[in-house]
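Participant: Order-wise, the sequence lines are chains A, B and C.
In this text, residue positions in the first sequence follow the numbering used here: the first is 1, and each later residue adds one.
In this text, residue positions in the second sequence follow the numbering used here: the first is 343, and each later residue adds one.
In this text, residue positions in the third sequence follow the numbering used here: the first is 676, and each later residue adds one.
Since the hints were derived computationally from the structure, they do not count as laboratory data.
Be aware that one or more of the hints could be misleading.
[What the hints assert, rightly or not] Pairs of lysine-lysine, DSS-like flavour, derived with a Cα cap of 25 Å:
1) B:468 x A:257
2) A:185 x C:937
3) C:838 x C:937
4) C:834 x C:937
5) A:190 x C:838
This one's a predicted model, so the numbers in the text were calculated from it and none came from an experiment.
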Amino acid sequence: MRGGGFGLLPAPLVPLDVSLGESPVFAYAARRLLATVPLFLLATLAVFWLVNEVGDPRDRLATCSTCDQSAYDHLVELYQLEDPIVVRWGNWLGAAVTGDMGEAISQGNEPVMGIVRERAKNTALIAIPAFLLTVVVALGMSVWSAIRQYSASDYLITGVSFIGIAIPTFVLGLALQTLMLWSLKYWDLKPFYVSGMRDDSLLEFFRSAAMPAFTLAFISIGAEARFGRAAMLEVVGSDYIRTARAKGLAERTVIMKHALRNGLVTFVTVWALDFAALVGGALITETVFNWPGLGRLLIGSLFAQDIHLAMAAIFFISGLAIVCNLLADLLYGVIDPRIRFD
Amino acid sequence: MSEPIITVDGLSVAFPTPVGTVRAVNDVSFDVRGGETLAVVGESGSGKSVSALALMGLLPDTAQVSGSAMFGGQDLLAMSQRELRSIRGGEIAMIFQDPMTAMNPLFSVGNQIAEAVSVHQPDRTKDEAFGRAIDLLDIVGVPEPARRARQYPHEFSGGMRQRAMIAMAMANDPMLLIADEPTTALDVTIQAQVVEVMQAAQEATGAAIMMITHDLGLVAGLADRVQVMYGGRIVEAGSTDDIFYRSLNPYTRGLMRSIPQLGPRRADRLVPIAGTPPSLVNLPQGCAFNPRCEYRTDICDEVPDLATVAPGHQSRCHHSADLEPLETAGQGA
Amino acid sequence: MTATETDPTDGPDVAQAEGIGGQSKSFGRQTMENFLRHKLALAGLVIFVMIVVVTFLAPRLTSYSYDEINAADRAQGPSVDHLFGTDELGRDLWVRIWDGTYQSLRIALVVALVSTGIGGFLGAMAGYFGRWTDVLVTQLINLLLVVPGIVVLAVAGIKWGSKPFTMGVLLACLLWIRIARVVRAQFLSLKESEYVQAARALGAGSPRIIVRHLLPAVMGPMLVEVTLVASLAIGLEATLSFLGLGVQPPVPTLGNIINEFKGALDSRPSRVLIPGGILVTIALSLNFIGDGLRDALDPKSKKVRA
Chain A
1 MRGGGFGLLP APLVPLDVSL GESPVFAYAA RRLLATVPLF LLATLAVFWL
51 VNEVGDPRDR LATCSTCDQS AYDHLVELYQ LEDPIVVRWG NWLGAAVTGD
101 MGEAISQGNE PVMGIVRERA KNTALIAIPA FLLTVVVALG MSVWSAIRQY
151 SASDYLITGV SFIGIAIPTF VLGLALQTLM LWSLKYWDLK PFYVSGMRDD
201 SLLEFFRSAA MPAFTLAFIS IGAEARFGRA AMLEVVGSDY IRTARAKGLA
251 ERTVIMKHAL RNGLVTFVTV WALDFAALVG GALITETVFN WPGLGRLLIG
301 SLFAQDIHLA MAAIFFISGL AIVCNLLADL LYGVIDPRIR FD
Chain B
343 MSEPIITVDG LSVAFPTPVG TVRAVNDVSF DVRGGETLAV VGESGSGKSV
393 SALALMGLLP DTAQVSGSAM FGGQDLLAMS QRELRSIRGG EIAMIFQDPM
443 TAMNPLFSVG NQIAEAVSVH QPDRTKDEAF GRAIDLLDIV GVPEPARRAR
493 QYPHEFSGGM RQRAMIAMAM ANDPMLLIAD EPTTALDVTI QAQVVEVMQA
543 AQEATGAAIM MITHDLGLVA GLADRVQVMY GGRIVEAGST DDIFYRSLNP
593 YTRGLMRSIP QLGPRRADRL VPIAGTPPSL VNLPQGCAFN PRCEYRTDIC
643 DEVPDLATVA PGHQSRCHHS ADLEPLETAG QGA
Chain C
676 MTATETDPTD GPDVAQAEGI GGQSKSFGRQ TMENFLRHKL ALAGLVIFVM
726 IVVVTFLAPR LTSYSYDEIN AADRAQGPSV DHLFGTDELG RDLWVRIWDG
776 TYQSLRIALV VALVSTGIGG FLGAMAGYFG RWTDVLVTQL INLLLVVPGI
826 VVLAVAGIKW GSKPFTMGVL LACLLWIRIA RVVRAQFLSL KESEYVQAAR
876 ALGAGSPRII VRHLLPAVMG PMLVEVTLVA SLAIGLEATL SFLGLGVQPP
926 VPTLGNIINE FKGALDSRPS RVLIPGGILV TIALSLNFIG DGLRDALDPK
976 SKKVRA
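Here chain A stands alone, though its shape is the one from the complex:
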């Protein structure tokens, strides 16, 4: 199971077989964007409603002994709790697009934007290395499996990818934590930290980021290797590869020039979509490893009924996902000449 994606990828909103004049790719991108925006707005309304359904922020005050009427009033005013939901959403949205995402009541009323930015950076610090690792390893595994089908290493790769697919992210994270704890307990070795982010030095940072990043990567690699192996197998078994061999090309050229290029077409779109899934998966990984990222921020804000903070985190993550999807579509159009012209 992949944390964020679980295999639900949006279909293109517009049929791919339309092109307008000279720059079909950009026209397509613009059209896609235009079609996504209303959906996105609708989705934010739904999420806004959902977040508000989680609980009334005023309930927090029930346990607060030092709070008085003014605290209640502050909340009512901040969140316009007396107004209908659509109005509140509208106001929130209006402020959001100007960059004002509100105050975080669970973080001392600090402006939300600053907090989100900081946390997003931290998430990126594990998500991006995990992504790069995934890309390299999954591609390598897929090509290897395709040219050495049914070999021992092929079965090994398939096995590893099955585990990556089946294991829930948090279980993997916990298992790695256990491993580190055992390593400390029995062999007195602590190569990596399993809780929190260290930033005193580069080495310390690496030691604290390694486990969460690896967890994210392993899950992604599992899914990508499985899919990639099938895709590369199909490519390697195709007629044009046979033609390439019949022309007398060296096997190396056949794989690296022809097979890889064709395989990449499918891979590139998967990578764009997987990045969004990776960020989603960070929600879980950050919780397990106590990493101060956007995911943990979101969950914390939900528990604290901090509406503005939660909405900002969701907005950010969703925006990223939309960009990734758009990128995937664009890349597909750029790489495959059939899409451009058809």
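Starting from the known structure of chain A, arrange chains B and C on it as the hints suggest.
Facilitator: Only chains B and C this time, still in chain A's reference frame:
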């Protein structure tokens, strides 16, 4: 005719599968002579494609190949992949059935033809190779070759794609062109054009053609000699006229009888061959055709030899001599 | 001159090799045989069945009941008496963990049924009737996917995920999309196929065509997808419950059990690793089954899995 350029002796190909060994090709021997067109005819599963792929070394690693195939003094079947590569696409070229999938959709047609040139003529620059690709497209009759060379395969029609494939195959003036069902995926009118292109190429370069097909009409129009395959063996071989008009093999005769014909004899019914082609895992004992053969006797439980029944004409049948004489008018396509 | 197309250059090609001169079998029979030949899938099926059986039998296999508190046996690791150990209050963990498994499986079942219902229906409508119906369904799907699923589930889980049944429905509200996609794709491709055209030419109306001709073809791929959805559902529910955003105690699920014991990771890791192991085993076996089904259904399946 002229000298053989490739001599195949005792070629056998088997594939191990969980349900048994598939004997795709059984002890096949033949030669192809310079400048001639040899047609290899048979139904699907007769082993015709597999034999060609064996010669080119394009079978999967699991294939068990035995026998020899002498070409230019070397045994193709004993050569390593590296050695074969210098011959593939160079002295021996192959074109395949479906031109749509035979070309890489991501590279331009000219690029792919130029690639064939570059591999075997490394001293040519990329531009020269591309220029040659354009020339080749022109030779095979693709209009506006310079513009077309920059286009992608999906922008070509089926017939043009096959022409491009022929261009790719002829790029290095091969001595032997193996064509595996080159017209099967094409419309009839386009078939004729492609055939013309192949004939023209042959005339221009003197190449031999080994044409694998199940289309007897194509064979009649193009081939000098024909060999008929069934159950992985050659069951009859001879000149085109021998096979069409003077066949001495029950299977071949069955094939001829089952072709629909235009003309004064339309009222006759088609006579299909009873039964189904044999399982290559479980070949019948002896002659592969005997379960379906009307001349079957006990001796057919032994595999007959490929015996010479007339000059240049061989048949693998115990009963070749017993077959009734054929009416000569109108038989065959 | 027609004969079954064979391409012996494909190497080990079981289904084809059998087709040459073998007896013809019905599609269902061929599928079942293919499945049984797929060792991984078979293993997956056996293991899954075993887990279900143990889940139901578990309370009977031990003398301890769910709430029984044995202060003397507190906080022990696995032993002969308590196969999975005990918790801080002395409650037997075997019963608790298998109870959690039961809840997780139940939720997966709810998800499977509800998502198949919604997804099957909407996918069929979109695929068969096309145009406006298709646009509507596709846009609905896109709307649901704009915000990443895990985020939606996290938010919605707090309110609606606290009871197993509602959690199941919630998960199904997102996972139906996978079923719908498969069904829609099948309908789209099959409705223009020749045998459907033939049926229409013979006068069959839409309902008959759908039920008699298209549904059987859809069943297979849909079943494959259902196994995968079930596997995802178990993982997702466990994840949400682990995060505290799902099923709340005292109702046990594998996820919230792990959550409860994650603090004792260095002293009693078995409390986390055992339910975690069960989770992974269930997910793996479902995946294998789904894989085996997918290969078994493909008439041109070339894979011979060891």
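Participant: Each of the hints needs a verdict: does it hold here or not?
Facilitator: Verification of the supplied hints:
| no. | hint | result |
| --- | --- | --- |
| 1 | B:468 x A:257 | 16 Å, holds |
| 2 | A:185 x C:937 | 17 Å, holds |
| 3 | C:838 x C:937 | 22 Å, holds |
| 4 | C:834 x C:937 | 24 Å, holds |
| 5 | A:190 x C:838 | 40 Å, violated |
The structure fails to meet hint 5 from the earlier list, while all remaining hints are met.
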